[in-house]
Every structure is written in structure tokens, then in C-alpha cells.
Amino acid sequence: MRNSNTNNWRSTALVAGAILTAGVVTTTSTTDVHADNSQNNAQVSNDQVTYDQVRATADQQLAQLQSANDSKEAQQATANEQSNAADLAQTNAQIDQLKASHAALEQEQAGAIAQAQASTAASIEAQTSAANAEYQQQINTQQQNEATQRAANDQQYAQAVNQAAENQQAVADINAQYQKALSDAANTQTSQAQAAANNYNSAVAKENDTYQGKLSAQQATNAENIKNAEASLASATANANKPYEVATTNDVAVTGRVAKPQTDVKVPAYVTKYGIHLEVRGYNGAIPVSDYTYPEFANTYYGEYPDSAVITNKAAESTPHDISEMPLDFQPGLLSYDAKNDHSEKVSADGLTADQVQVLRALALSWENGFRNNVFQNYREFYNVVNKNDGFVNVAPVDLVSTDFTDNIANQVVANRTKYNIDNNSHTVISSGMPAEATYTSVINDATKNLKKNLTSEFNGKTVYTDVNENLTTMQAGTPTLLNYAINLYNSMQGMYYGELVNPTHIGGHAVNLLCAGVRTVGIGFQKLTDEMTAKNGSGVSDRKNPSYAVTFDHVGFNIDYDANLTKEVQNRNVWGTSTVDAQLNTIKTAQYHVNKVPGTKTVTPTATDVQKATASEQQKLADVKAQAQQSLDALASAHQASLNKLAQQYNDAKAQVKANYDVAVTKAASVRDAALKATGVVNLQAYKAQLDSAYQNLVKADQVAAQKLAADRDAKIANIKKVENVKLDAKINELVPSVDPQIKQLQDQHQAVIAHGDAVLAELKAENKAAYNKLAEQFNVQLAAIQRRENAKRANEVRLANNTVVLPSAVKVANDGNINTVAFPTASNPLQAETTGRVQTVSAPSIVKTATQTPIAVAPVITTVNHAAENTVKSNESSAPVVTQTTAVNGTQTSVASTAENKATKADNSEKSVVKADTVAKKQTPAKKSESSQKVDQSSMSIVALAATALLGTLGITYSSKKRHN
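Per the working numbering, residue 1 is the first one in the sequence shown, and the count goes up by one each step.
Calculated from the structure, these hints are not laboratory results.
Source: prediction; values computed, not measured.
Each hint should be verified, as a subset may be incorrect.
Stated by the list, open to error - Listed next, with one range per pair, are the computed distances between beta-carbon atoms:
1. Pro742 / Ser83: 23 to 29 Å
2. Asp713 / Ala89: 55 to 61 Å
3. Ser542 / Val575: 39 to 45 Å
4. Val672 / Leu215: 52 to 58 Å
5. Val595 / Asp355: 23 to 29 Å
Every residue, glycine too, gets a C-beta built ideally from N, C-alpha and C.
Go ahead and model the full structure; you've got the sequences and the hints to work with.
Have a look at this one:
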């Protein structure tokens, strides 16, 4: 059945409640003064008047005090300036007098000063001449010493030359002996070097012979090893190239049998004659098959009735033999059942097991998704008309899921229906005889409250709609097998969904519920019916031998502000639980299509790559043998080279020893020669001459250094002479004409002391004035704070709504904690700068501040006062009142279905889409100007609102369509 929206009465009640609530609000106009209406409803408190009066008095007295203080300070500053100017004139006159006296004395002593200066100059000249004469005498002495040393050197060298001529023959004999010793040493060196070379060449030849013998033997061994390794590789290569047999596995795709729905159902004569009454609005009579918009939907509605009553033909291709042959998609058409070829598991008299329920849940989920996707792809107009206001027109739906989350919902719904004895013709709603907390919407809301809360917070400022609905059908079986139940459920869902797609403007409630793109999950419950339920007239249960079930489809989802992108993003989040039907669906899918592995053999001709892999070991062995052969040769060569290096080192050591012996002999010969020459007294004339010259140059260099020091000493002496004489001159002049600078400095210091005294007097006066001003301001501050506290206490329960004042009830009294909130007065420099607004100022903790620069302090924020007569607004910082927002419930999508008393079909219920507002407080500024009509509350209008609300409540009721079952 398509049952009307069971929550319409809630929406109506909410609207009426909002109207009545609004009717009791008390409004008070702040001002209402116009040329054509002199009525004045403004209410000004006595505290307000007192506050304004005290504030005005404070401003006046503080301004007067400040003006007096400024006058006294200005007078003191003027007096200071006059005193400083007089003292400065006197000081400058005294300084000028001192300078004039000093200049006269200088003129008087001019002759004596000139005589002293001349005497000083003469003394400096005489002492400078004496210092220069002394310096020149020292330089002359140096030059005389250098000349004497040069003459002595020439005489000594001449004597050495004469002595050398006398000893010439003795020197010649000594040199001859020296040359013979050098020749003997050279001959000895040559013979020793030749012996060392002969020994080295002999040892090298012997080492070469030894190495060649070892090399030949190793090369023969290497050749034999390589030959054997190559033969082994050749044998392995030949074996690797031989064809061979291998075991194989072939992939063979296996397609299982899947029943195909039939659309040419043969209808019994009584159905053809009387027709089947559809519960589609506008089509309440017998609907012939030909009246359907789409021919393929023609017979699907008959699936609502028991197999024995309607489906009489048993087409083989539409008859599944096991659960694995049930179709997973959901094309239009019915399945037939053959009990003789039913290979599925049995269902006990106690009913379905938990595992069997999960199999049916998996199939039902797949069929619901198949219907949604097939309608979207091939019958788009139905899908779009359902979702035209939800943001999903031409937007594909997301597949439904069945999870542990939805299983819990479904199980709780079944438990509640069982507890309150709800039959298969009744939804899980209050009108069926159950309390509100047991309804399917209550179960869903409880399960999704945290998710809904999180989404509402996340999408603050957007509307989060809750999409929930329930479809209901009946499932029975003539044969107690899982397959019979599955076929019965399949056919029933065909009538419940495809059977309701008559045309784009008349769609049944079940189809509407399922096509709603906002839903994401479905909880599928199986309620076992009692005998009393199945025995009821109109239950639709034709065979009561086996258990029958009421099957509930509780759909849940959220639509984010009718935005398909946001909604699908939320739908695809991992927040909907873990699937509990994947294993069952995969088992059926595997049976319908899978790949088998078939064993076999084949002859393989090795490829070059295969041969390469097969002979890799032998190839590696050959490479190792060759590497070892080369390593052995390298080891022999290395040892041979080491021997040669050793012999070369020994030869080099021998040559070094020969050279060392020669050097010793040469050194000894030179020593003997030098001793003999020394005995004869003969010297080296060239060396002797160089020695004498060096001594002379050293004397010259020493004299130059000494001369530089003598010049420096002379210059320092002359500078000191000038300094001493000038000091004496300055003392003489100061004695003749004393300085007046100390007296001038004393006069200037006395003038600065006068200025400092005047500044101190002015600073003390300002401090006294400031203290007096602050004391008076504080007195007024305390008085104003007390008035303001009384005003705040009276207005604690008032709320400003535009130009109206609403008095709210409150059980809490405003306590006077004794704290005083001070009010900021205008600064002392400009008392009239602060703007008076005529309202008690609302400040948190103001204080009187007098800054050093006397900058005006901003006035505290006040509530806006609107003057409509002048049509202007005097504003400080406005305090806006919160806006009262009225929200009405939103109807469910299913409102187009009517039903008759004799209709017997699946039950559908569309829950309301609850509007979730973001948790924010809207703010609205007080308008600067409004029309006169908006400023007053029309009492007669309030009465009309109350009457309208009463009339609306009087019409409240619940409309339920008659029930029609699905089998």
C-alpha cells in the first residue's frame, strides 16, 4: 500500500504552535512621533533622567575646574618667562662688563707683553743653535771613525797579499797532494760500482729463468682446466636445446545458469475479466495491461499475488533451480518456481535461520540497486520527477548498502513490530498501534543522531535534510525452501517497484521511496507473522503451512542543502558501517561466472633464453676456470715482479754505499789539505778581503742608526725648549692680564638655577590641579555608576527587537554585588567633545583616563535611539538584538498516492525530511528608519493571528490510505 505521510500532522502542529507563540509576544514602541499622530508611547525611566542631569552637572563642573586650572598654570608659566628674561639680561650685562675690563687691561699691558714675547723668542733661538752644534759634532766624530777603519783594512789586506807570495810553493805542493787523494777515491768508487752492477745483473738473469719455468708449467695446467670446462658447457648446451614436455593449466571461463525474468505471463481468466485494482491515484478501477506506459512493465504487477494464482506458465529460462541462479540485476519481468527442480536448502518450520536471512538481504539489496540504476539509465523521466526538488535531476544515485549499522536498525524494527503485534498490512508507525519511541523513524533517529549532529556542525549555514522512509511487503512460500522464498520476494518486489511506474506523473509510493537519491542505506527486516496475523481477512497469505514474513525496507540518508556534490561526498564516506552481505553476493557472483583451471601438457622447444638459463651454471664454471687461470698467472707475475723489485733495492743500496765511501774519502782529503795550509799560515785572500769589507759595512750601518737617534734626540730637545719657554711666557702674560672665564662661568650657572626653580614651581602647581580634577571626577563617577546599576537591574529582562522592547520572564533576580562600573568622562583638554546620546551607557569596565597628551577618550557604546520625527538616527555602537527564527517541518516526498478500501498491496511510508538548521544565532542591525505602521503592534491583527491558529488546530487530523498487501 502507499500510505499517506504519517507525519503531516506534526508539521501542521509545529506551524500552529509557532503562530500561537508569536501571538503572546509583548512589544513596546520606543518612539512614535509623526506629524499626523502626536501619540507618544516612549517610556523614559526616572533613573535615566537623573543620570542625564548628573552627567550634565559633572561635565559643567569639571570643565569649569579645568578652565580655572589652565588659567593658573598659564599665569605661572608667564611669570616664569618674565623672571627668566630679566635674569638673563642682568647676567649678560655682567658678562659684557667683565669682557670690557679684560680688553682694557690687555691694551694697558701691550708693551710688557711684547717685551716678554721677544725675550722668549731670543732664548729659544740660542738654545736651538746650541743643540744643533752638539748634534753636528757627534756626526763629525762618526765620520772620522769610519775613515780610520777604512785605512786600517787597506793596510791589513796589503800585508796578507805579501805573505801569500812568499808561501806560494808550499801551497802548490799541498794542493797536488789533495788532487792525488781525489783521484784515488774516484778509482775506488768506479771499481766498487762495477762489482755491484755485475752482482745485480747475475741475480736478475737467474730470477727470470726461474719465473719462465713456473709460467710454462702453470699455462699448461690452465689450458687443461679450460678444455675440460668448455667440454662440460658444450654437453650442457646440447641437453638444453632438446624439446621437453611440461604440465600446463588453462583458464576456462564458466558461466553459470541465471534465470531470465519473463514478461509474457499468462493471466488467469478471472484476472483478465475483473482486472487488478491498482492503488495509483487516478487509476482506481480495473487497469488492463494495455494501459501501462511501457509494455515491459505490463505483467510485473501480478508478482504481488501468489504463484499459483497468477503465474501459470513455467518457462524454463525463467525458472531458477538454486539460489545461485537468481538474477542479481532487476530487469522488468517475473520468475517462475518449480518445486521438483528446487536444489536449494530447506527452511525449517521454525522459520529462516540467521544465515538464510543474510542471503535474502543480499539479494533484496542487489535488486533495489538494480531497480534504481535501471530506472536512471533507461527510464530517466521517472527518476527526475521524484528528485526534481532534491538537486539530483540527471545525477546518478549512489548504490545502497546493507551493513551492520542497518542490520541493527532492521532487527530493532522487527523486534518492535513483534512486540506490539503489528501485522503485514501495517507500517511501523504510531497509527498502527505502537508508541512513538517504537516507530521506525524513532529507531532511525536514535541510530543516526550522532552522525546527524556531526553533519549539522560540519555544514554550518547549510540545511541538512534527513531522508528516511519505509517500504513493506509480504513474503511466503508454498514449499519451505530458501529458493521459493527468494522467488516470491523477487516477484513481490517487481510489483512493488516496476508495477508502480505507470507514467511520469503517477508513480506509486514504494517506487518514489526507493528512487529518492538522498537515501544511502537500507535496513531489510524479516518479521515472522503469527497465525492470527495470517488468518486475518486481507492478509494475502495463501499458504499457511509454512512461515510467512512481513519484509520491511527502512531507507536512511542525508541530503546536504539539496547539493548533489555535497550529498554524494557524504554518502561515500566511511560512516555507514561494514557490509554484512558481501560474502553472500560474492558466492552467487562466483557461481554465475568464474574461471576454472584445467591441467594439461605441452612440448616446449627451448628458446635461446631457455638455453641461456639452463647452461648458466656451466657457463659460470667456465668463466670461473678462466678467471682462476688468469689469477694464477697474475700471482706468478706478481711474485716475479716482487723478486725483481727486491734485487733492484739491493742494487740501489750497494750503489748508495759506494757513493758514501767516496764522499768520506773526499772529505778526508779536504781536511788534510786545510790542516796543511793552516800550518803554513796562508789565508784565502778573497775571503779575507770580504771579511774586512763586511766589518767596515757593519760599522757604517751602526753609525747610520746612531745618527738617526742623535737627530731624534736633538728634535725632542728643541721641542721641549719651545714648550718650556712658551709656558713661561703664558705665565708672564697671565700675570700681567688675569683671565675672566671663571667669573663668566659662575654667572651662567646662577642663571640656570633661576630657570630650574621656576620650572619646579610650575610642575608642583600642575600636580595639585590634576589631583583636584581627578578627585572631583571620581566623586561624579561613583554617583553615575550607582544610577547605572539601578537602570541595568530594571532592564535585565528586556530585549530590543528593532524598535520594540520585549520583556522576558525570568526567575533569577539581578544581584547587586557592590561592584561599581565607572563611566568614561570626556578628557580634560576638551570636555565638550563627548557625544551625549540620552541613554544609559552600557560599558563593561570604563574608567576616567587623563592622558599626557590630553587625547579625547571615546564615549562608551550605547543602545541606539531612533528619532522618527526628525527621520534620522543618532548612533553610537549599536547593540543588536537576536532575530527570532521560525522553522516549519518539511513534508515527505510522497503526497501523490490515494488508495481504496479493497486495495491489497505493499505498504509504503515516507517519513518527513527533517530540516536541520546550523546552530547559529542570526544578527540583525536596528534599521535607521521604518514606516509608521511597522512601529506599532496592531492588537486587532494579533487577534486575527490567534483565531487563525485556533482554526488551523481545529482542522488537524491524520489521513491514512487503505492497506494493500504484497506477497
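Hints and how they fare:
1. Pro742 / Ser83: 23 to 29 Å: Since Pro742 and Ser83 have Cβ atoms about 26 Å apart, the given range 23 to 29 Å holds.
2. Asp713 / Ala89: 55 to 61 Å: Once the Cβ atoms are compared, 58 Å apart, the range 55 to 61 Å for Ala89 and Asp713 holds.
3. Ser542 / Val575: 39 to 45 Å: With Cβ atoms ~42 Å apart, the hint holds.
4. Val672 / Leu215: 52 to 58 Å: holds (56 Å)
5. Val595 / Asp355: 23 to 29 Å: At 27 Å between Cβs, range holds.
Violation of the numbered hints given earlier is absent; every hint is satisfied by the structure.
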